[in-house]
Each structure stands twice: as structure tokens, then as C-alpha cells.
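Colleague: Sequence:
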Amino acid sequence: MDRNLQQVNTILNLAKLTEHDIKAESHVLEFVPQILDSKQVKLLEVNKETLEYLNSGECLFIKGIEDSHVVICSNSSTFELKEAETSNSLLLMPPLNNGNLIEETGSRALRKQEVLGVYHTYYEMRHTKPKLQSLRNALAKYPYKGQNSEVSEDVVGLSFTELKEITQASEEEIINQLQEMQATKVQGKWRLLDVGFLFGWVSHLDSILREKQLSLQEVTPCNVKDWMGLYDINDVTEKCISLFMEVDEDNLRWKSEAVSQLFALYLLPELRAFDSKDFFTAWQQSMPIGVTANEEYLNGVALVDYDSTPSLVKYLPEFELPEEISERLDILFRNRAKWTLQSITPYVQPLADNNLNVAALLTKYARSSTINGVKYYSSKYIT
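Just so we're aligned: 89 in numbering that gives the first Met the number 0 is position 90 of the sequence shown, and the numbers increase by one with no gaps anywhere.
Bear in mind the hints are in silico, worked out from the structure with no lab data behind them. Keep in mind that the hints are not guaranteed to be accurate.
What the hints assert, rightly or not - Pairs of lysine-lysine residues, derived as BS3-like cross-links and limited to a Cα-Cα distance of at most 30 Å, are as follows: (1) Lys-188 to Lys-163; (2) Lys-140 to Lys-111; (3) Lys-313 to Lys-224; (4) Lys-224 to Lys-211; (5) Lys-163 to Lys-211; (6) Lys-276 to Lys-128; (7) Lys-144 to Lys-41; (8) Lys-144 to Lys-188; (9) Lys-163 to Lys-130; (10) Lys-81 to Lys-144; (11) Lys-140 to Lys-128; (12) Lys-41 to Lys-184; (13) Lys-224 to Lys-140; (14) Lys-254 to Lys-184; (15) Lys-128 to Lys-224; (16) Lys-276 to Lys-337; (17) Lys-184 to Lys-276; (18) Lys-140 to Lys-130; (19) Lys-128 to Lys-337; (20) Lys-140 to Lys-81; (21) Lys-128 to Lys-211; (22) Lys-224 to Lys-184; (23) Lys-337 to Lys-313; (24) Lys-211 to Lys-254; (25) Lys-140 to Lys-184; (26) Lys-81 to Lys-313; (27) Lys-47 to Lys-81; (28) Lys-313 to Lys-363; (29) Lys-379 to Lys-130; (30) Lys-128 to Lys-254; (31) Lys-374 to Lys-128; (32) Lys-254 to Lys-224; (33) Lys-276 to Lys-130; (34) Lys-130 to Lys-211; (35) Lys-254 to Lys-188; (36) Lys-211 to Lys-188.
Since we're looking at a predicted model, the values are computed, not measured.
Using the sequences and the accompanying hints, generate a full structural model.
Modeller: See the structure below:
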């Protein structure tokens with residue numbers, strides 16, 4: 000072969016795109032004679048770490064969904080599967096005796112050896128950033144708008160097992176994303192917290208603080224849980240605290256950017272575009288005590304179009320854009336011809352990985368120019 004394949008301890012059946020468990024077998028070639036159709040047997044190249052992971056008894060999972068490439072996941076990472084060619088033929092056979100196991104005798108005997116398959120290709124695993132948009136899309140079908148809005152006694156939402164089945168990512172990556180998202184468990188099922196509900200939660204807490212003539216820094220997490228206990232369940236309250244407050248022991252402080260983006264998401268969707276003067280006035284007036292509206296906080300949520308008359312604030316949240324970088328940039332450049340690195344980063348950062356950071360992605364897929372000492376990025380294609 001033209002490259003050094005690891006000892007193949009894993010045989011994959013990739014005939015289906017449903018999820019399979021893959022375990023390393025120490026005598027995997029003894030299993031081969033049971034396979035009737037060698038076309039269903041695929042060979043996988045793994046690095047040393049993955050081989051050790053498999054030999055420890057852990058599993059890999061093949062995940063495929065409609066209109067998407069198959070990925071393979073460990074417990075903590077996601078990999079692309081890429082087919083590669085070999086320069087020589089690779090034979091798949093039952094176990095052979097190694098040279099040092101053959102006894103030295105005066106006579107030698109030849110025996111027939113069955114060849115179960117001849118291969119010129121194998122699969123490589125390439126680490127990739129998981130596509131997690133399907134996770135949010137799935138949870139969005141089960142919005143949580145507060146306990147007073149629950150009209151059905153049936154438990155709705157998705158279990159973690161169901162989320163793993165529909166998301167092309169590892170278990171650890173899904174857990175991390177759920178912690179960052181505006182999602183929580185309600186009666187054992189995962190739900191997406193509605194923007195209107197979150198706006199009401201923050202506003203209700205702010206009204207309590209105003210009534211008591213207190214700032215958030217003057218209260219503790221226990222105070223917030225006690226006051227908001229009547230508003231909704233404790234799990235939701237704890238999630239809201241983690242989303243919108245910085246907690247340092249018993250000290251609290253608003254996460255200004257998170258709160259500002261929440262309020263922008265609440266104000267913008269109805270009109271999709273808002274007169275900038277009216278928007279900034281309404282945005283600041285709605286803020287809790289201690290939070291100041293900053294135009295930079297709109298990055299990744301909305302864009303300000305100063306070229307229109309009057310200038311407009313347009314609804315453009317990152318989580319609604321395609322996960323393919325070329326498609327995403329096409330939408331961004333149609334909404335604004337030139338972007339600074341600071342303003343476009345929140346839209347590109349979720350697609351960056353260890354191999355290509357934001358700057359590298361923009362260099363590859365966009366065109367840069369400098370105007371009055373400021374670097375801008377625009378479409379590579381003139382429209």
C-alpha cells in the first residue's frame with residue numbers, strides 16, 4: 000500500500016446509513032468467513048489513539064441522515080469518512096501463521112488459502128466539526144413557553160437518546176451544545192426555551208429588582224430562585240441564571256451581551272427590519288437595570304444597514320443560516336457587501352475548526368480589501 004495502514008482490527012458494514020456500533024475484535028479475521036458478501040466489508044484506517052480507544056472496549060458510531068454525508072463518532076469526537084485508494088491490492092483472508100510461528104522442519108508443505116476479498120480502497124477518518132443545527136431544529140418543534148402555557152398533560156419533547164439518533168455528533172459534543180443552547184429538560188424531556196418566555200423571565204426579575212430598589216449585584220442566586228420560583232420550575236430558573244448571569248460564589252452580574260442579544264431577538268422577528276433610530280431607543284428602554292445596549296452586541300443576531308434610507312436594523316441570527324460555509328457567506332454578502340472581521344466573525348466562528356480558523360476560512364472563501372486602513376471581506380464573485 001502507498002501509506003502505512005494501521006493493523007485493521009475493525010471490519011465495517013457500511014451498507015446502511017443507520018447507526019451501527021463498531022467494536023475492535025482481537026480475532027476479527029476469524030469472523031470473516033461468516034461474511035457471505037465481501038462487497039459489504041469495508042476497511043477503516045485508524046490512528047493510534049482511536050485503535051487504543053477501540054481496544055479498550057469502546058464503540059464508534061456511524062451516523063447518517065438524509066441529504067447529509069455519513070460521519071463516524073467516538074464518545075467525544077466526530078470524523079468524516081473519506082474513501083482513499085491503495086497503490087496495490089489488499090487481500091482479506093482468514094488468519095495466517097506468521098513466519099516466526101512456523102516450526103523449522105526438514106520439509107515444507109503448501110496449503111490452499113482462501114481469499115475472501117480484494118480491495119483497492121479503504122476509509123480514512125478525518126476529524127471534523129460536528130453539524131449541530133439539526134439539534135436546534137429538532138428542539139424548536141417543542142418550544143417551552145412557560146408552565147402556564149402547557150395545554151397538554153402529555154410529556155412532550157425529546158429524550159437524550161432521541162437527540163443522539165438525529166444529530167451527527169458525539170455524545171460529549173451534544174451535551175456541550177445543550178449546555179450552551181437555550182434548552183433545558185422539562186419533565187425529563189429536552190425542550191427549546193421560547194424567546195418570548197426568556198424575555199418575560201428576565202423582565203419579570205428586573206421588575207422585582209426595581210420594586211425592591213436593588214441591583215442584581217446586591218442579591219444572591221438563592222434570592223433569584225426564591226423570587227422566580229412562582230414564575231416557573233426550578234430547572235428553568237437555573238438554566239436562565241446560567242444563560243444570562245455571571246455567578247461568582249454568591250455574587251451575580253448580568254451577562255450584558257447575552258441579555259442584549261435576547262432582547263434584540265425578541266424585538267426584531269415581527270418586522271424583520273426595524274428603523275435603526277426607533278430600534279435602538281426601544282432596545283435600550285427595554286433593558287434591565289445595569290445593562291447598556293451596545294451596537295457590537297448585535298453581531299451574530301442582526302446587522303445595521305446604514306446604506307438604506309432610513310438606516311435599518313435587520314434580523315439575521317447566526318443559527319438560522321446554512322451550515323455550509325459557501326452558502327452562509329453567499330447570504331451574508333447579499334445582505335451586506337463588505338464586512339469587517341469583527342462583524343462577520345460571529346457568523347463564521349461556528350464553522351471554524353482546528354484546521355481552518357475564521358481568518359483561514361475567509362481567505363479561502365471570500366475576498367479581502369483595505370479601505371482607509373480597515374480590512375473588509377466581500378464575495379469572491381462579482382454579482
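Colleague: Now look at each hint and say whether the structure bears it out.
Modeller: Quick rundown of the hints versus the structure:
Distance hint between Lys-188 and Lys-163 is fulfilled; the C-alpha atoms sit about 13 Å from each other, no more than 30 Å. About 60 Å separates the Cα atoms of Lys-140 and Lys-111, which puts this hinted pair outside 30 Å; it is violated. For a cut-off of 30 Å, the pair hint linking Lys-313 to Lys-224 is broken: about 35 Å separates their Cα positions. For the suggested pair Lys-224 and Lys-211, the alpha carbons sit about 16 Å apart, so the restraint of at most 30 Å is met.
Simply put, Lys-163 and Lys-211 have alpha-carbon atoms about 45 Å apart, too far for the 30 Å limit, and the pair is violated. A hinted pair counts as satisfied when its Cα atoms are at most 30 Å apart, and Lys-276 with Lys-128 does not qualify at roughly 39 Å. Of the supplied pair hints, the one linking Lys-144 and Lys-41 is violated, its CA atoms being roughly 48 Å apart against a limit of 30 Å. Between Lys-144 and Lys-188 the alpha-carbon distance is near 14 Å, which keeps this suggested pair within the 30 Å criterion.
In summary, the hint linking Lys-163 to Lys-130 is supported, as the alpha carbons are separated by about 12 Å, within the 30 Å threshold. Distance hint between Lys-81 and Lys-144 is unfulfilled; the C-alpha atoms sit about 43 Å from each other, more than 30 Å. Proximity of Lys-140 to Lys-128 is assessed by CA-CA distance (about 24 Å); at most 30 Å being required, the pair is judged to hold. Proposed proximity of Lys-41 and Lys-184 is contradicted: the alpha carbons are some 39 Å apart, above 30 Å.
For the hint linking Lys-224 to Lys-140, the alpha-carbon distance of about 28 Å falls within 30 Å, and the restraint holds. The straight-line distance between the Cα atoms of Lys-254 and Lys-184 is roughly 22 Å, inside the 30 Å bound, and the hint therefore holds. Between Lys-128 and Lys-224 the CA atoms are separated by roughly 36 Å; this puts the pair beyond 30 Å, and the hint is violated. Taken as a hint, the Lys-276 and Lys-337 pair is honoured in the structure, with Cα atoms around 22 Å apart against an allowance of 30 Å.
With a CA separation close to 39 Å, the supplied pair Lys-184 and Lys-276 exceeds the 30 Å bound. With a CA separation close to 18 Å, the supplied pair Lys-140 and Lys-130 stays within the 30 Å bound. Proximity of Lys-128 to Lys-337 is assessed by CA-CA distance (about 27 Å); at most 30 Å being required, the pair is judged to hold. With a C-alpha separation of about 33 Å, the suggested pairing of Lys-140 with Lys-81 is violated against the 30 Å cut-off.
With a C-alpha separation of about 47 Å, the suggested pair Lys-128 and Lys-211 falls outside the 30 Å cut-off, and the hint is violated. Restraint check for Lys-224 and Lys-184: the C-alpha separation of about 17 Å stays at or below 30 Å, so the hint holds. The straight-line distance between the Cα atoms of Lys-337 and Lys-313 is roughly 16 Å, inside the 30 Å bound, and the hint therefore holds. At most 30 Å may separate the alpha-carbon atoms for a hinted pair to count; Lys-211 and Lys-254 meet this at roughly 21 Å.
For the hint pairing Lys-140 with Lys-184, the CA-to-CA distance comes to about 14 Å; that is within 30 Å, so the pair holds. At most 30 Å may separate the alpha-carbon atoms for a hinted pair to count; Lys-81 and Lys-313 exceed this at roughly 40 Å. Taking the CA atoms of Lys-47 and Lys-81, the gap is about 18 Å. The hint holds against a cut of 30 Å. Restraint check for Lys-313 and Lys-363: satisfied, since their Cα atoms lie roughly 27 Å apart, inside the 30 Å limit.
A distance of roughly 25 Å separates the Cα atoms of Lys-379 and Lys-130; the hinted pair therefore holds under the 30 Å criterion. At most 30 Å may separate the alpha-carbon atoms for a hinted pair to count; Lys-128 and Lys-254 meet this at roughly 27 Å. Taken as a hint, the Lys-374 and Lys-128 pair is honoured in the structure, with Cα atoms around 27 Å apart against an allowance of 30 Å. The hinted pair formed by Lys-254 and Lys-224 meets the criterion: a straight-line CA distance of about 18 Å does not exceed 30 Å.
Distance hint between Lys-276 and Lys-130 is unfulfilled; the C-alpha atoms sit about 37 Å from each other, more than 30 Å. For a cut-off of 30 Å, the pair hint linking Lys-130 to Lys-211 is broken: about 45 Å separates their Cα positions. Note on Lys-254 and Lys-188: the hinted pairing holds, with a Cα-Cα distance of about 27 Å set against a maximum of 30 Å. Between Lys-211 and Lys-188 the CA atoms are separated by roughly 35 Å; this puts the pair beyond 30 Å, and the hint is violated.
Checked against the numbered hints above, the structure breaks hints 2, 3, 5, 6, 7, 10, 12, 15, 17, 20, 21, 26, 33, 34, 36 and satisfies the rest.
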